[in-house]
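> Sequence:
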Amino acid sequence: MPRVLAVANQKGGVGKTTTAVNLGACLADLGYRVLVIDLDPQGNASTGLGINVRELETSMYDVVLHDAPLEDCIEGTAIRNLLVAPSALDLAGAEIELVPAFSREMRLRNAIEQVRDDFDYVLIDCPPSLGLLTVNAMAAAEEVLVPIQCEYYALEGLGQLIRNVSLVQKNLNRNLRVSTIVLVMYDARTKLSDQVAREVREHFGEKVCRQMIPRTVRLSEAPSFGQPIIAFDPSSRGAIAYRELAKEVSRGPA
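Per the working numbering, residue 7 is the first one in the sequence shown, and the count goes up by one each step.
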């Protein structure tokens, strides 16, 4: 402890934010102190935890670009033990603004160092790209958690993600590794879901969590109410699945 995980996959719409928010909430529910860092300019993890990104005084933009202390950016949520460092729309320009910045890949790592002893888990929700923001997340983390959707083309682009992890490992962060793969959007009624799940398990073996996250309407609805699934509908299949996933992840390598 603490464990710092970058939730990354350069494909969009694969459940990164859903996993960061709901896994974070379920870990907090288990009694761990959890920080979700929203590094995606779209700010979906922030709004999914009830934060209005238009009313923030300090956001991850200020932390990454202007060296604002991370603790000034952290906001509480409706879930006990769960805190969030929200994103802002300004972060969309950060990829370009970071290019000439000094020590540009280490900005987030330096910010997390100041607060990491306050938390058991830090989950970084990465943007759907392999740009400088994602590199910052990987430089700051020890582990990469990859959500993979149980759909056609699921494995496409994963090779590139793993190559990038190796590059970051070689040049910026020797401790980084892909530690956890989560199968999401699983639909038991389709052969395709089973086929993808089997393929991913063959490729990645022990790294793939036993618990799969089902495709459910309630999981899609929860963010529009600014709540994680365990607050929005605690007895739903999605809530049960993320609770089990949190138990599995927290028993994993510390």
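Any given hint could turn out to be false.
Claimed, not checked - Calculated pairs, DSBU-like style, for lysine-lysine (alpha carbon to alpha carbon, straight line, at most 35 angstroms):
1) K197 with K213
2) K213 with K176
3) K17 with K213
4) K253 with K213
5) K17 with K197
6) K253 with K197
7) K253 with K176
8) K176 with K17
9) K17 with K253
To be verified - What follows is a list of derived Cβ distance ranges for each label pair:
10) E81 with E254: 37 to 43 angstroms
11) D124 with R60: 22 to 28 angstroms
12) D123 with Y159: 39 to 45 angstroms
Please keep in mind that the hints were generated in silico from the structure rather than gathered at the bench.
Source: prediction; values computed, not measured.
No residue lacks a Cβ here, since even glycine has one placed at the ideal position from N, Cα and C.
> Each of the hints needs a verdict: does it hold here or not?
Status of the hints after comparison with the structure:
1. K197 with K213: The hint holds at about 23 angstroms.
2. K213 with K176: holds (21 angstroms)
3. K17 with K213: The given pair, whose Cα atoms are some 20 angstroms apart, holds under the 35 angstroms limit.
4. K253 with K213: Measuring from Cα to Cα gives roughly 15 angstroms; hence the hint holds.
5. K17 with K197: holds (22 angstroms)
6. K253 with K197: Satisfied, since the Cα-Cα distance of roughly 28 angstroms is no more than 35 angstroms.
7. K253 with K176: holds (31 angstroms)
8. K176 with K17: holds (23 angstroms)
9. K17 with K253: holds (26 angstroms)
10. E81 with E254: 37 to 43 angstroms: The hint (37 to 43 angstroms, Cβ to Cβ) is violated, given that E81 and E254 are roughly 28 angstroms apart.
11. D124 with R60: 22 to 28 angstroms: holds (27 angstroms)
12. D123 with Y159: 39 to 45 angstroms: 41 angstroms Cβ-Cβ, so the 39 to 45 angstroms window holds.
Of the numbered hints listed earlier, the single one contradicted by the structure is hint 10.
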